[in-house]
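Asks: Chain by chain, the residues run as shown.
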Amino acid sequence: MAAHGVTPATLQRPRRRPRTFPLVMIAPAMLLLALFIAYPIAESVHISLGSWDGIGSVAYRGLANYRRLVHDSLVRQSVVTSLTFFLGTVVFTVAIGCLLANAISREIPGARIFKVVWFLPVIIPVSVAGIFWSNAFQPTTGVVNSVLGSVGLGDGHAWLASSSTAPYATIFVAVWTQTGYAMLILLGAMDTIPPEVHEAATLDGVGAAGRLFRITLPNILPMLGTITTLMSVFSFNAFGVIYAMTRGGPGNSTSILPVLVYKQSFLDQDYGYGSATAVVTTLIVGAIGILVLQVFRQRSLDAR
Amino acid sequence: MLLLSLHPTNDIYAHPLGLDGRWQLSNYTAAWRGVVGGAPLSTYIVNSLLVALCSLAIGVTCGSLAGYGLARATRGLSNVVSRIMVLALSVPLVVALIPTFELLGRYRLLNSVLGVSLVYAAFMTPTIALIMRSVFAAVPRELLEAAKIDGYGEFAALLRVVLPISKGGFISVSLLGLIFVWSEVQFAVVLLTRPQNRTLSVGLLSFQGQFVSDQGAFFAGLVIATFPIVLLFLFFQRYVTSGITLGAIK
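Chain order of the listed sequences is A and B.
So for the first sequence, this note's numbering puts the first residue at 217; every next one is plus one.
So for the second sequence, this note's numbering puts the first residue at 5; every next one is plus one.
What the hints contain is simulated information worked out from the structure, not anything from laboratory work.
Heads up, some of the hints might be wrong.
According to the in silico footprint, chain A covers these stretches of chain B (three or more CB under 8 Å from chain A) [unchecked claim]: (1) 135-145; (2) 164-176; (3) 203-210.
If you only want the chain A side, here are some residues facing chain B, beta carbon under 8 Å, derived [unchecked claim]: (4) Pro244; (5) Val477; (6) Thr497.
For every residue, glycine included, the Cβ atom is placed at its ideal position computed from N, Cα and C.
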C-alpha cells in the first residue's frame, strides 16, 4: 500500500466511490435498454399515429389507425386467438410443470434424469420444434396420426389444415416447448420446503394429493405467480412457434397478435397500422400482467 | 407418456428413419450441403455462431456490469433499477419490431451481424443483470474489504477478485443467452432479409418446402440444427438450471 503512496486524498476517495461506481456500472446496460427497448416503444406510439410505408417520414394522421383497428374483424379475431392461446398455454404449462416438478421434488431415484429430459424441449430451437411438430401433425405421414390410428382414433386428421384444430395444435407445441421451464422454476421453489413438513403430514395420514394441495401449493404460491407472469409474457412472444408451424394460417386462425403485426407491417407495408396493433398488444399484455399479479397477491394474503 | 417418449431428440428423428440401414451419412451430407432457401445450411450455422458470439459479448458485458452495480448499489437505487429491468423483461418483443427495423435501416445495420446482435444483447441484458446480481451478492464482503486493503481500486477488485470466483454465473448467463439467440425468430425474420445473412432459426423455416421428397435429409437437417445446443446443454446442464432458478428467486 505504501508503494501506492497513501495521501489523505486517496483515503477520501473510497467514501465517494460507492455512490458513483454502481451508476457507472449500470450505465452501459441502461443505454442499451434505452436505445433498443425504451426508444422503440416510444417510436411505436409515434408511428402508430400516422402512416408510414417503410421509407421517408411518418405522416401524422391522429388516431385514424386506432379507429380502423376497432372495426377490423381480422384484429378482433386475432385478439380472441391471442387470448385463447395465452390461456391455453399458460394454464397447461403451469399445471403440467407443477405436476412434473411435484413428481420429482423429493429426490426420487432418477429425478435428475427426468429433470434434464423434461427440460430438453426448452433448449431445442423453436423453429426446429415448430417444423418437427408441423410435420408430425401432417395427415398421412405424421407421427401424431399414426399413433392415433394405432389406438383406433383415426389417422386422417388434417390438424394444421383446419382452422378449428390448428389453434390447439399450436397451443400444444407451445406448451411442449415451455413446460420444462415452468417445471424447473417450480422445482426450485418446492425444494425450499423443509422435508420434515412432508414427513409429518405423511405420518398424519395425508395422501400425496393432500400434500400437494395443502402443503406444496400454498408454499410455492409466490413462485406460481412469478412463473404465471413469465409464461403470460412468453405466450405473447410465441411468434416463432406459430410462424414455423402455420405462418398464422389457415386463414387467420392461428395469427396471434405478433403474427398479425408482422403481416400488417412487413407483408402489407402498412407500418402505421401494424404499430397501432403492436401498441394495443402491449397494453393487453400489461393488463394481463397486472391482473395475474393481483390475483396471486390476493391469494398469497388469503393463504396467510 | 407420449410427451416423455418424444423428448430425446435423436430418438424422435431416428425413428422414422430407423427402418432402412444406409440413411446416416448420405442424409447428413445432403442436408449440410443442400441449398435451403438461397443459402447452404452451413452458412446459416456460421451466421448463428457469429450473432451468438457478438450478442453475448455485448450482452454479458453490459448485463454483468449492471449486475455488479446492482449488487453494490444502495438499496433504493438497486430497487429502482431492478424494477426497470423486470419491466423491460415483460415488454412484448413485437412492440419493438417496427421501430428497430427503422432504426437499424437508418444506420445501414439491417442484414448485419452487429445490428441484430445489438438488439439481442439489449433483450438479454435484464435477465443477465438480475441473475448476476444474485451471483455477485453472494461474494463475501470481506473479500472486497481485503482487496481494498491490498490497494485494489473498485474496478481492479472486480476484475481480479470478483470475476474469477463468479465463473459459474458467467457460464450460466452465457448459456441462457445462447439458447435465446439460437432460437429467436421474430427479430431475425425482420432484420435479416437476405438469405446469405440469415441465422439458423430463420434459415430452417425454408426447410419445409425444400425437402418434401427427402424426409431423410429433412430430419438430418433438424438434427444438425439442434445437436450443438443440446450437446452444450447436456454438458453444462447444472449451470443452465442454476441460472434459471437464481433468476426467478431474485
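Asks: Does each hint hold? Answer for all of them.
Replies: Hints, verified against the model:
As drawn, the stretch 135-145 of chain B meets chain A at 0 residues by the rule of a beta-carbon pair under 8 Å; below three, the given contact is violated. With a cut-off of 8 Å between beta carbons, the stretch 164-176 of chain B has 0 residues touching chain A; three or more are needed, and the interface restraint is violated. Look at the stretch 203-210 of chain B against chain A: 5 of its residues bring a Cβ nearer than 8 Å to a Cβ of that chain, three or more, so the hint holds. With a least beta-carbon distance of about 4 Å to chain B, the hint placing Pro244 of chain A at the interface is held under the 8 Å criterion.
At a threshold of 8 Å, the smallest CB-CB gap from Val477 of chain A to chain B is about 5 Å, leaving the interface hint in force. Interface hint at Thr497 of chain A: satisfied, since its Cβ lies 6 Å from the closest Cβ of chain B, which is below the 8 Å cut-off.
Comparing the model with each numbered hint stated earlier shows that hints 1, 2 do not hold.
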